[in-house]
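Letter by letter, the chains look like this.
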Amino acid sequence: MPRQTKIELLIRREADEGFEVRAVPSSLAYLQYRPQRIADSAWELAELPKGIDRRRTYVLKNRATDRYILLRERERFLWAQMDGRTSLQDMATAYVLRYGAFDFDLIPNLIAKLRQAELLTLRPASRLREALARHQKNLGARALEVAFKGLEKITVTSRNVQRNFERLYRWGGLLIFTLPTLVLGLALAVLGAMSAIRLWQDAGEIAGPLAQHPILAVLSVKFFFFATLAAHQTVHGLACVHYGRRVREYGFTLLHGFVPTFYVDVTDIFMASRRARVVTALAGPLVHLYFGALCLWTATHLPFGFLQSFVAATGVLQWQSFLVCLYPFCFLEMDGYHILVDVLGLPTLNKDSWRFFRDELWRRLGEGKGISRQEAIWVGYIVLSFVSVSAFVLFNLWGLTHMGSS
Amino acid sequence: MPTSDPVAFLKTVSVFKDLAEPHLVALALRLRERVLKKGEVLFREGDKGDELYLIREGTVVISKPVLGRVEQVLARMGPGDFFGEMSLFDQAPRSATVQAETTALLLCLDRESLHQFIEISPRAAAAFFFQMVQVFTTRLRESGNLVAEVTRWGLEATGLDFETKPSR
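If you read the sequences in order, they're chains A and B. Take 1 as the starting number for the first sequence in the numbering used here and just add one per residue. Take 407 as the starting number for the second sequence in the numbering used here and just add one per residue.
In case anyone wonders, no lab produced these hints; they're calculated from the structure. Hints may contain errors.
Lysine-lysine pairs mimicking DSBU-like chemistry, simulated, CA-CA at most 35 Å apart [unchecked claim]: (1) A/Lys6 with B/Lys423; (2) A/Lys113 with B/Lys443; (3) A/Lys6 with B/Lys443.
Let's have the full structure, built from the sequences with the hints guiding it.
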């Protein structure tokens with residue numbers, strides 16, 4: 001596309017009533033464009049082993065979308081400068097000074113690639129924020145946007161946590177990653193399952209005390225659950241340390257301004273082996289499995305009353321969380337999804353599946369053409385997503401009607 | 407009434423070109439002259455207005471504020487062009503800002519004078535409105551072209567490429 005369109009702008013002078021008209025070519029604006037990469041915590045870069053040609057290559061990952069792109073050394077140099085302050089003109093100058101020559105297609109191609117992977121800041125982080133940004137003329141939307149921005153600032157975080165995690169690991173955390181702990185944990189899970197079956201027989205009576213104090217019940221169970229979220233994230237961090245990687249950040253924030261959550265930045269684990277990544281992802285949800293089993297077993301030994309109700313409900317909620325965390329399909333990209341993509345070796349599974357399902361599959365079926373093994377995985381992923389979500393909805397409907405009739 | 411053969415000038419203005427000389431003379435009597443110094447703002451977007459302006463000499467720039475002290479130039483008009491007719495008909499505030507790029511001599515026709523002209527010379531008024539519709543049509547097409555051009559500028563300026571990169 002020829003870069004030659006001009007736009008005429010009238011710029012008023014501050015000093016007097018005068019003005020000047022400037023014709024600004026699009027090429028000039030492009031040179032002044034200051035690309036800004038997404039927040040540092042949202043991406044990671046790893047150097048790949050050198051290939052036969054001995055060239056350095058890097059893999060750049062968008063943690064939010066799980067999109068990966070390959071960068072050559074020269075592209076990595078440009079990526080490092082995309083801080084929102086450096087114009088393309090300045091970047092091109094720096095490039096020439098460093099490498100002594102310039103490839104004129106390099107920057108546009110890199111920007112297109114980064115945009116595809118959503119690695120440049122272009123839009124607000126959440127769909128809600130996006131919608132609010134679109135309705136800035138609406139007073140309510142503006143007020144909500146301001147409120148969310150304020151709430152987002154309520155973030156308690158530390159980037160200097162590695163030493164604490166290492167200490168915690170030495171003081172007993174390392175035991176979590178031993179075979180006896182795994183065996184013990186699984187035995188506890190079996191015990192928990194047996195306890196759950198026993199509790200189910202008296203479910204009505206056990207749930208009674210909670211039903212009598214609904215507000216206290218919801219607050220206490222939720223608060224306790226919230227505390228275990230911290231444990232979940234801590235164990236992710238310990239797993240990272242176990243494999244000799246660095247925990248970059250740990251903290252509490254209000255996600256999108258209204259979802260309270262703990263978080264840990266263990267992106268350094270992507271520089272470790274696949275096994276390390278899978279174990280790190282799995283370690284967090286196992287907290288809920290073990291803790292839930294412990295609660296259910298404890299509940300069977302408690303007398304009828306609020307405490308037993310509370311402990312049993314906590315156990316059920318923990319196991320629900322365990323399942324939700326490991327749910328690998330569409331709509332939720334949680335630990336289970338990360339395990340699945342690592343096992344399959346398809347880092348952009350969700351996006352690719354949707355794209356194939358939406359843009360390609362029906363045309364292929366119409367033309368009577370077959371699909372490859374990878375495409376079959378994409379289709380399977382979508383089918384299982386729909387089946388699992390439908391089953392979840394049906395199960396809840398059954399639960400509601402069952403409770404209504406009893 | 408403006409000086410130096412206003413009727414000859416009105417014949418050069420597209421919306422009056424089909425009017426007979428007596429009607430042009432009658433119209434010329436209703437016009438008022440206004441001199442705009444270089445850089446002077448005639449009116450701003452949002453101002454009230456009930457006058458149509460004919461440019462006899464000089465050039466004016468029509469612009470719309472976009473950001474701070476920066477405005478987008480919508481059109482540049484010279485001798486024989488006219489502007490300001492929108493507020494004359496819809497009675498809404500001015501839709502853009504007009505300023506003189508060079509010292510300009512304008513002829514103003516207010517709403518009241520136009521109404522009188524229509525009442526006295528309905529046939530001439532019909533010819534005037536027919537030409538006015540043609541001018542509106544042309545300007546509407548030009549607005550569409552401007553939108554497309556500005557969009558192209560934006561795509562080029564930001565390097566967005568939808569031709570070779572698949573949509574996601």
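We went through each hint and held it up to the structure:
no.	hint	result
1	A/Lys6 with B/Lys423	holds, 34 Å
2	A/Lys113 with B/Lys443	violated, 51 Å
3	A/Lys6 with B/Lys443	holds, 28 Å
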